Each structure stands twice: as C-alpha cells, then as structure tokens.
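Undergrad: So you can see what is in the structure, the chains are spelled out below.
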Amino acid sequence: MRHNFRFAGTGGQGLITAAIILAEAAIEDNKEAVQSQSYGPEARGGSSKADCIISDDKIWFNRVVCPDVLLVMSQEAASKYTGDTDENSIVVTDSLFVKDVPGKHKQRIDLPITHTAVEQCGKTLFANIVALGAIVGLTHCVTDKSIENAVLGRVPKGTEEANKKALKAGMELVKKYAK
Amino acid sequence: MSIKLLQGNQAVVEGAIAAGVKFYGGYPITPSTEIAEQLAARLPQVGGKFMQTEDELAGLGAAVGASMGGKKAMTATSGPGFSLKQEMLGLACTAEIPVVIVNVQRVGPATGQPTSPAQGEVMMSRWGTHGDHWVIVVSPVSVPECFWLTIRAVNLAEKYRVPVIILMDEVVGHMREKIELPDDYSTIRTVERKRPACRPEDYLAYGTADGDLVPPMADFGSGYRWHVTGLIHDETGFPKGTPEGTVNALNRLHDKIYNNLDDIVTFEEYKMDDAEYAILSFGGAARTAYDTVDMARKEGIKAGLFRAITIWPFPEAQVKVLAGKVKGILVHELNYGQYVLEVERVVSGKCPVWLYGKYDNSSATPQQLLAELKKHVGR
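If you read the sequences in order, they're chains A and B.
According to our numbering, the first sequence is numbered sequentially starting from 1.
According to our numbering, the second sequence is numbered sequentially starting from 1.
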C-alpha cells in the first residue's frame with residue numbers, strides 16, 4: 001500500500017511541518033516514508049508545497065508525481081497544483097480560501113479547516129494540525145496513536161492540549177463533511 | 001539503533017559528529033543552511049567549536065587552520081559559496097590539509113535558484129581551484145548515505161591528507177527519510193591522521209618513508225617546525241621551484257590518491273547482473289533511476305543502474321568493464337551535460353553513450369527518464 005500526499009498553500013501555513021509530522025507518524029508505524037518540499041526564497045508568503053509518501057516498500061523517487069490526496073489551503077495552490085492530479089485523486093480544500101478546483105477528480109471535499117482552528121483552538125496557526133487530522137481521518141494512512149505522538153513530538157511546550165484538540169477536530173470534520 | 005526521520009543535511013551533521021569533527025567554519029547558504037545551524041548546536045556538546053565567519057572563503061580558511069591545529073574540520077556551502085572557497089581549497093590541496101567541504105548544489109550559475117535542485121558543480125568539484133590538483137568527491141543518494149558517507153569523507157581526508165568534497169544536491173539535502181542511527185558513535189570506525197613519531201628536531205614536514213606517500217602531520221604549534229605555504233615545496237616544507245622539485249611535488253599529490261583507487265572508489269550496481277542497458281547516475285538524480293530501472297524491467301527492457309558514489313576519482317576501471325557488457329549507457333544528471341563527458345572519454349566508443357541532462361529546476365520523474373531510455377532502446 002502506498003499513499004502519495006501533497007499539501008499545498010501559502011508559506012507560513014505550516015504545511016511542511018504537517019508533512020514532516022505525517023512522515024514521522026508513518027515511521028512510528030514501521031513504514032517507509034519520505035518527505036520533501038518546494039518553496040521560493042521567501043520566509044513567508046509565496047506558494048509552498050510539501051510532499052509525503054508513505055509505503056510498505058522502499059521509496060526511491062521522493063516527489064509525488066500524481067497525488068492520491070491533494071490538500072489545498074489557498075486558491076493559488078488549488079489552481080497551480082491540480083495540474084498534477086487525475087480522476088483518481090481526492091482534493092481536500094480549506095473552504096475559507098478555495099473556491100475553484102480545476103479538473104475532474106474522484107472526490108472533492110471542502111472543509112472549514114482554518115475556521116475550525118480559530119473556533120476550537122483560538123488561533124489560525126492550528127490549521128495545519130486540523131488539516132492533518134482530516135487527512136488521517138480520511139485515509140487512515142497512519143494509526144491515531146502514531147499521529148498523536150508525532151504531533152506532540154513536534155509542537156511547542158504548552159500547546160499540547162490545543163494541538164490534540166486540533167487533531168481531533170480535523171478527524172471530526174471528515175466524518176461530518178466527507179460523503 | 002534509534003530510528004528517526006532526518007533531513008539529508010541533518011544526517012551530514014550527525015555523520016560529522018560521529019566521525020570526530022571538532023570544528024566547523026562557514027557561512028550559511030540555502031540549501032545547506034541546516035548543516036551550519038545544527039552543527040552550531042551539536043559541536044559544543046562534544047567539545048567542538050562552531051565559527052560563523054564573514055564569508056565562505058574565510059569559513060574554509062578557518063577550517064583549514066583548525067585542521068592544521070590537529071582537529072578534524074569541515075565547512076558546508078552551496079554553489080555561490082563553493083565558488084568563493086576555491087582559493088582556500090587550493091591551499092588545502094598543496095599544503096595537504098585534511099578537510100571536508102560539503103556543497104549542497106542548487107541551480108546556478110551565480111545566485112541561480114536557491115531552493116531548486118541541480119548538479120551543476122560536477123566538473124567544478126573536480127577542477128574548481130586553479131592548477132593541477134587532486135581531490136576526492138563523494139555524492140550521497142539517501143539520508144542514511146549522507147550519514148555514512150560523511151564519516152567516510154572525514155576518514156578519507158585524514159588518511160590521505162586531502163580535501164574531500166561531499167557533493168550533495170537540494171534533492172538529498174532537503175528531503176527527509178528514515179534513518180537508523182547508532183546509539184553509540186564510539187563504535188564507529190574512524191581514522192586518525194598519521195602524526196610524526198620522530199623527535200621535533202628530526203621532523204621533515206613533508207617527508208615520506210616506506211613507500212607511503214602521505215607524510216605524517218604534526219599539530220601546528222606542538223613543537224614540530226612546519227612551514228605552511230601555497231608555494232611548491234619540497235619535503236622540508238620550504239619552497240622549491242626547480243623543474244625536478246615541481247614534478248616530484250605534483251607527482252606525489254597525484255599518486256597518493258591514484259595509487260589507492262581500490263580504497264577510494266566506491267559505486268553501487270542495481271539490477272546490473274543481466275542488464276543490457278545501464279543508466280549511469282549519482283546523488284539525487286539516481287533516486288529517479290532506481291524506479292526507472294524497475295519500470296523498464298516491467299516492460300521487458302533489461303535495464304540496470306550504475307551509481308557512482310565516489311564521483312572523483314572517476315570509476316574508470318568499472319565504467320570500462322560496464323561499456324564492454326551493455327548495449328548502451330544512459331547518463332542522467334541534473335545539468336546540461338558534465339559527467340557524460342567523462343563517461344564518453346572512458347567508454348571511448350565501446351558502446352553508445354546517451355545523455356538525459358535535466359536543468360529545469362526539478363528532478364526528472366521516473367516516467368520521464370523511462371521515456372528517454374525507451375527512445376534510445378528503440379521501444
């Protein structure tokens with residue numbers, strides 16, 4: 001079994017961190033995982049994408065060619081990165097930012113990711129963890145225990161409870177919105 | 001063993017610590033910055049020193065100085081910084097100072113594209129500094145190999161008193177992958193440079209004996225007199241510019257490396273046993289090639305991969321054998337065509353040599369490389 005994920009949005013949304021956490025969770029589950037990213041020279045802003053591949057077998061080529069799941073957290077990312085998807089791809093959007101998703105896909109799931117981060121955790125910066133919860137809830141590519149451990153291993157001290165809440169909220173979003 | 005998800009650059013840092021590196025001098029530059037950033041944290045934990053210098057040339061200068069003082073030393077940079085280091089690299093070659101230089105390649109020339117992958121310094125890593133000189137260049141394909149090859153690079157630098165360049169690329173430097181790190185680095189085999197056994201007054205800084213072309217190296221300031229110069233010198237370390245002295249000096253710098261190719265040259269063959277076509281690649285570009293080999297075989301094309309790990313000295317004997325075995329060699333590199341020139345020279349018409357050079361800011365996908373292979377195979 002192989003999962004090809006691409007998370008795309010704006011620099012500063014924490015999507016590279018989300019991809020790293022997902023890869024770390026996969027390794028805790030004794031799977032192979034590689035994570036890579038591309039971004040411009042800017043520290044914030046500009047479009048940013050992160051890839052994470054999880055597999056039972058050795059992974060050589062480290063970029064995602066055609067994502068099974070594409071997460072888009074900005075309209076620019078949605079317009080730019082759907083070019084690599086096909087009719088077997090699932091596109092998950094943050095409905096606050098994304099209106100148009102060009103192309104034909106297996107499924108499009110619009111989730112109020114950033115909205116939920118603010119509502120339930122008090123800050124937009126938890127949006128990446130909400131998104132991660134949604135991705136894991138949707139695909140079960142890693143175990144719930146591993147993703148929680150991986151999140152807690154990466155986040156700043158004092159934010160553990162809020163991040164756990166964000167992760168859970170993401171998983172609930174999928175139950176509510178994904179048909 | 002502990003299993004971790006690390007970036008290639010982080011694995012270099014751990015490899016340096018495991019190899020006994022105690023000094024880093026350098027100036028941060030994308031996509032190598034994590035090496036400086038994390039060695040700044042790691043070196044003080046092992047009694048080492050980290051120095052951020054005013055520029056890249058000074059960074060290597062400081063590392064060369066630390067090495068003369070008896071410490072294993074390194075620097076890291078990317079293309080623009082590698083250009084600046086060339087002057088000091090030449091001094092390290094001539095004065096025979098062990099030092100490791102990491103170059104995480106990005107798109108060039110000049111500022112190029114800081115966050116995009118390329119392998120444009122293949123020839124520069126061999127011929128970057130002026131004058132005839134000989135260095136060792138290794139190129140890792142994976143995060144675990146970043147760790148082990150950094151240890152090997154430090155060991156080779158110490159053993160042969162030569163600058164060793166770890167030629168990485170953004171692909172491997174910035175990707176994260178699973179790595180099993182030894183819990184106890186003291187179990188790892190490391191090499192210490194040979195130091196003089198004679199009394200200080202009998203010491204000849206560049207004197208060799210018993211056919212060993214690598215002179216024992218005294219820690220500078222330890223009481224052994226040593227004149228360090230970029231001028232061509234004899235065994236005393238003092239300049240000697242006679243025709244014979246020049247030839248002797250250069251011959252020894254060459255022979256100490258090229259008489260030991262069996263020890264220095266490493267490579268990997270993937271599915272080459274029955275291969276009719278070889279893809280020849282290295283570093284991050286080779287990650288694509290493994291998948292292409294598997295895809296080609298599913299379509300009935302007997303392909304294999306020859307991956308140079310030591311890219312300089314060039315694996316000449318091995319590529320000659322390869323040329324006699326296969327119907328064609330497809331060189332894949334992330335540049336306009338550099339390593340292919342050396343492959344063509346060595347193959348010398350024995351079999352066709354094709355190039356898939358990619359220079360558009362991104363790795364080739366396995367599908368793209370397969371399409372190139374099929375074009376040449378006639379499928």
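The set of hints was computed from the structure by calculation and includes no laboratory data.
Since this is a predicted model, take the numbers as computed values, not measurements.
Heads up, some of the hints might be wrong.
Cross-link-like lysine-lysine pairs, in silico, DSBU-like; alpha carbons within 30 Å at most [as the list claims (entries may be wrong)]:
(1) B:K327 / A:K58
(2) B:K302 / A:K58
(3) A:K58 / B:K375
(4) A:K145 / A:K99
(5) B:K350 / A:K58
(6) B:K327 / A:K164
(7) A:K58 / B:K240
(8) A:K164 / A:K175
(9) A:K168 / A:K123
(10) B:K240 / B:K194
(11) B:K302 / B:K327
(12) A:K179 / A:K106
(13) B:K271 / A:K58
(14) A:K175 / A:K104
(15) A:K106 / A:K145
(16) B:K350 / B:K374
(17) A:K58 / B:K325
(18) A:K168 / B:K271
(19) A:K123 / A:K104
(20) B:K302 / A:K106
(21) B:K271 / B:K194
(22) B:K159 / B:K194
(23) A:K99 / A:K175
(24) B:K49 / B:K22
(25) B:K271 / B:K325
(26) B:K302 / B:K240
(27) A:K157 / A:K80
(28) A:K165 / B:K4
(29) A:K145 / A:K80
(30) B:K240 / B:K271
(31) A:K165 / A:K176
(32) A:K175 / A:K106
(33) B:K4 / A:K157
(34) A:K145 / B:K4
(35) B:K350 / B:K4
(36) A:K164 / A:K145
(37) B:K320 / B:K302
(38) A:K145 / A:K179
(39) A:K58 / B:K22
Undergrad: Now look at each hint and say whether the structure bears it out.
TA: Evaluation of the provided hints:
Of the pairs offered as hints, the one joining K327 (chain B) and K58 (chain A) holds, with about 28 Å between alpha carbons and a cut-off of 30 Å not exceeded. Our distance criterion of 30 Å between C-alpha atoms is met by K302 (chain B) and K58 (chain A), whose separation comes to about 21 Å. Our distance criterion of 30 Å between C-alpha atoms is met by K58 (chain A) and K375 (chain B), whose separation comes to about 27 Å. This hinted pair does not check out: K145 (chain A) and K99 (chain A) have alpha carbons roughly 33 Å apart, beyond 30 Å.
The hinted pair formed by K350 (chain B) and K58 (chain A) fails the criterion: a straight-line CA distance of about 34 Å is larger than 30 Å. Restraint check for K327 (chain B) and K164 (chain A): the C-alpha separation of about 58 Å exceeds 30 Å, so the hint is violated. Our distance criterion of 30 Å between C-alpha atoms is broken by K58 (chain A) and K240 (chain B), whose separation comes to about 55 Å. Restraint check: the Cα-Cα separation between K164 (chain A) and K175 (chain A) comes to about 17 Å, which is no more than 30 Å; the hinted pair holds.
As the CA atoms of K168 (chain A) and K123 (chain A) are separated by approximately 16 Å, the hinted pair is consistent with the 30 Å bound. For the hint pairing K240 (chain B) with K194 (chain B), the CA-to-CA distance comes to about 24 Å; that is within 30 Å, so the pair holds. Straight-line distance between C-alpha atoms of K302 (chain B) and K327 (chain B) comes to about 10 Å, which keeps the hinted pair within the 30 Å bound. The suggested pairing of K179 (chain A) with K106 (chain A) holds, with an alpha-carbon distance near 12 Å, which does not exceed 30 Å.
Distance hint between K271 (chain B) and K58 (chain A) is fulfilled; the C-alpha atoms sit about 15 Å from each other, no more than 30 Å. The suggested pairing of K175 (chain A) with K104 (chain A) holds, with an alpha-carbon distance near 23 Å, which does not exceed 30 Å. Straight-line distance between C-alpha atoms of K106 (chain A) and K145 (chain A) comes to about 28 Å, which keeps the hinted pair within the 30 Å bound. Of the supplied pair hints, the one linking K350 (chain B) and K374 (chain B) holds, its CA atoms being roughly 20 Å apart against a limit of 30 Å.
Proposed proximity of K58 (chain A) and K325 (chain B) is supported: the alpha carbons are some 28 Å apart, at most 30 Å. Taken as a hint, the K168 (chain A) and K271 (chain B) pair is broken in the structure, with Cα atoms around 45 Å apart against an allowance of 30 Å. Straight-line distance between C-alpha atoms of K123 (chain A) and K104 (chain A) comes to about 33 Å, which puts the hinted pair past the 30 Å bound. Restraint check: the Cα-Cα separation between K302 (chain B) and K106 (chain A) comes to about 35 Å, which exceeds 30 Å; the hinted pair is violated.
Proximity of K271 (chain B) to K194 (chain B) is assessed by CA-CA distance (about 40 Å); at most 30 Å being required, the pair is judged violated. Between K159 (chain B) and K194 (chain B), the direct Cα distance comes to roughly 7 Å. Compliance with the 30 Å bound is thereby established for this hinted pair. Simply put, K99 (chain A) and K175 (chain A) have alpha-carbon atoms about 21 Å apart, close enough for the 30 Å limit, and the pair holds. For the hint pairing K49 (chain B) with K22 (chain B), the CA-to-CA distance comes to about 6 Å; that is within 30 Å, so the pair holds.
A threshold of 30 Å between alpha carbons decides the hint, and for K271 (chain B) with K325 (chain B) the separation of about 13 Å falls inside it, so the pair holds. Among the hinted pairs, K302 (chain B) with K240 (chain B) is inconsistent with the structure: their alpha-carbon atoms are about 56 Å apart, more than 30 Å. Pair hint K157 (chain A) plus K80 (chain A) does not hold up; C-alpha atoms about 35 Å apart against a cutoff of 30 Å. Restraint check: the Cα-Cα separation between K165 (chain A) and K4 (chain B) comes to about 26 Å, which is no more than 30 Å; the hinted pair holds.
With a C-alpha separation of about 34 Å, the suggested pair K145 (chain A) and K80 (chain A) falls outside the 30 Å cut-off, and the hint is violated. The suggested pairing of K240 (chain B) with K271 (chain B) is violated, with an alpha-carbon distance near 51 Å, which exceeds 30 Å. Taking the CA atoms of K165 (chain A) and K176 (chain A), the gap is near 16 Å; set against the 30 Å cutoff, the hint holds. A hinted pair counts as satisfied when its Cα atoms are at most 30 Å apart, and K175 (chain A) with K106 (chain A) qualifies at roughly 18 Å.
With a C-alpha separation of about 21 Å, the suggested pair K4 (chain B) and K157 (chain A) falls inside the 30 Å cut-off, and the hint holds. Between K145 (chain A) and K4 (chain B), the direct Cα distance comes to roughly 17 Å. Compliance with the 30 Å bound is thereby established for this hinted pair. The suggested pairing of K350 (chain B) with K4 (chain B) is violated, with an alpha-carbon distance near 45 Å, which exceeds 30 Å. Restraint check for K164 (chain A) and K145 (chain A): the C-alpha separation of about 11 Å stays at or below 30 Å, so the hint holds.
At most 30 Å may separate the alpha-carbon atoms for a hinted pair to count; K320 (chain B) and K302 (chain B) meet this at roughly 20 Å. At most 30 Å may separate the alpha-carbon atoms for a hinted pair to count; K145 (chain A) and K179 (chain A) meet this at roughly 25 Å. Of the supplied pair hints, the one linking K58 (chain A) and K22 (chain B) is violated, its CA atoms being roughly 34 Å apart against a limit of 30 Å.
Hint violations for this structure: numbers 4, 5, 6, 7, 18, 19, 20, 21, 26, 27, 29, 30, 35 and 39, all remaining hints satisfied.
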